[in-house]
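Participant: As they're listed, the protein sequences go chains A and B. FYI, the UniProt record's numbering numbers position 181 of the first sequence as 181, with every residue one higher than the one before it. FYI, the UniProt record's numbering numbers position 165 of the second sequence as 165, with every residue one higher than the one before it.
It should be emphasised that the hints constitute simulated quantities derived from the structure, not laboratory data. It is possible that part of the hints are untrue.
[Stated by the list, open to error] Reference excerpt, derived from the structure (chain B facing chain A, CB under 8 angstroms, subset only):
no., residue
1, Ala68
2, Pro70
3, Ile153
4, Phe164
5, Gly168
6, Tyr183
7, Val193
8, Gln201
9, Val210
10, Val211
11, Val212
Backbone N, C-alpha and C fix where the C-beta goes; we use that ideal spot for every residue, glycine too.
If you want the building blocks of each chain, they are given just below.
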Amino acid sequence: MIEEPLVRWDWIARNWDSGSPSAISTLLENHVVTAFLPVLLGLVVALPLGLACARWRWLYQPTAALMNVTYSLPSLVLFSIFLSVTGLTRATVVIPLTFFALAVLIPAVVDGLASVPDPVRQSAVAMGFRPARRLLRVELPVAVPVVLAGLRIATVSSISLVSVGALIGQGGLGNLFIDGWQRQFYTPIVVGIALIVLLAVLADGLLVLAQRLLTPWSRARSAA
Amino acid sequence: MNWLADFFGDAAHWSGPDGIPARLLEHLGYSAAAFLVAALIAVPLGMLIGHTGRGALLVVVAANAARALPTLGLLVLVVLLAGVGTVLPVLVPLIVLAVPPILVNTYEGLRGVDADLRDAAYGMGLRGRQVLFRTLTPVALPLILLGLRLSAIQVVSTATVAAFVGLGGLGRFIIDGLATKAYSSVIGGAVLVAALALAVQFGFLLLDRVVVSPGVRQTR
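Excised from the complex, chain A in its bound form:
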């Protein structure tokens, strides 16, 4: 038990932008980069892989199984394994988190494409869309809600999982947890949790907004 207020605002004010590498704003910046990079990389890889899996169904089973296995591995385990390859760098956190993002995004892309109603696809064919254009102009837009649902899960988990990287010194805001633990000091821990949850809520909100902008027809339909 520590006789301490849960939050000491003066500590936050002093450490927000102190210029040192452990300043809260610097950690926040690090956290954002380390969390979004895997999602971005994951999306770039998952789109072609998901398309391939949707096109050649026999690919999907083994891919899904592999992703399932990856997803069941604790983040700390993957960080530890990559530590021996990439050392104490940001890549040690980014690469495993990319795998986690892939595990969510590949099924999302495949399910998204499967969610395109057959009549829609056939109409596109009948209207003279070639496969590539049909994919870009018809199938992917219709798949957006399912893909974005996956993207939301991947983003929020990534933001929260980065903090475990603090155990190998690459945790962004997670470093505040270690700091708070070592000094038996609540404030950094509370600040870290609050900022991470805030970041997750913000990112999630932006993705919901993106979905509304990308699928204007879904609103038109529910309004009618």
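Got chain A; can you put chain B on it based on the hints?
Facilitator: Frame of chain A; chain B shown alone:
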């Protein structure tokens, strides 16, 4: 690979209170305790919410919040608040993180049951509770089991991180190895936890085969 040989080849790692068998048992003990408590809370609650449709918003909010909550932060905060040295405070965040996946999937599973099926069950004269236990639950079982599986894996992972706040278990090899730059211990611990997580995953898939009714499995 040398690291693996170093770690698993060392006889000292196979006995005593900080040997692999003891650590594995600890890990299983904490995980099982947290998982059981979480399941006892979340399965009935999820069934209640799924059956009555009341409190659905709560489930959705809880699920999203839980995904955003950083495990390590929650662990550190709860343990500092409750005082270091006992096991109980460590179990609290484990349970908190284990409840949402079970709750959500149980709820979604029951909600997702074909309305015609539900009506047919009522039409055959089953009462509310009978419909829940004899019709809805067996049909929703695959999703309920999925929730339990995700939750169990989450608990096993988080119990690893809990070594940082002084809990025993397999995480000790990783955390202590990191602290002393003994990478053979880090890798060895990582391999053990990975094997445990995969065993849990496999165990649940097996359970799925055994308890899910063949009729339900066919229509999936």
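Participant: All hints, please: hold or fail.
Facilitator: Results of checking the hints against the structure:
1. Ala68: Nearest chain A Cβ about 4 angstroms off; hint holds.
2. Pro70: holds, 4 angstroms
3. Ile153: Isoleucine 153 of chain B check passes; min Cβ-Cβ to chain A is 5 angstroms, inside 8 angstroms.
4. Phe164: holds, 6 angstroms
5. Gly168: violated, 15 angstroms
6. Tyr183: For tyrosine 183 of chain B, the interface hint holds, since the closest Cβ of chain A sits about 6 angstroms away, which is under 8 angstroms.
7. Val193: Holds, about 5 angstroms.
8. Gln201: With Cβ-Cβ at 5 angstroms, under 8 angstroms, it holds.
9. Val210: violated, 19 angstroms
10. Val211: violated, 20 angstroms
11. Val212: With Cβ-Cβ at 18 angstroms, over 8 angstroms, it is violated.
Of the numbered hints given earlier, the model fails hints 5, 9, 10, 11; all others are met.
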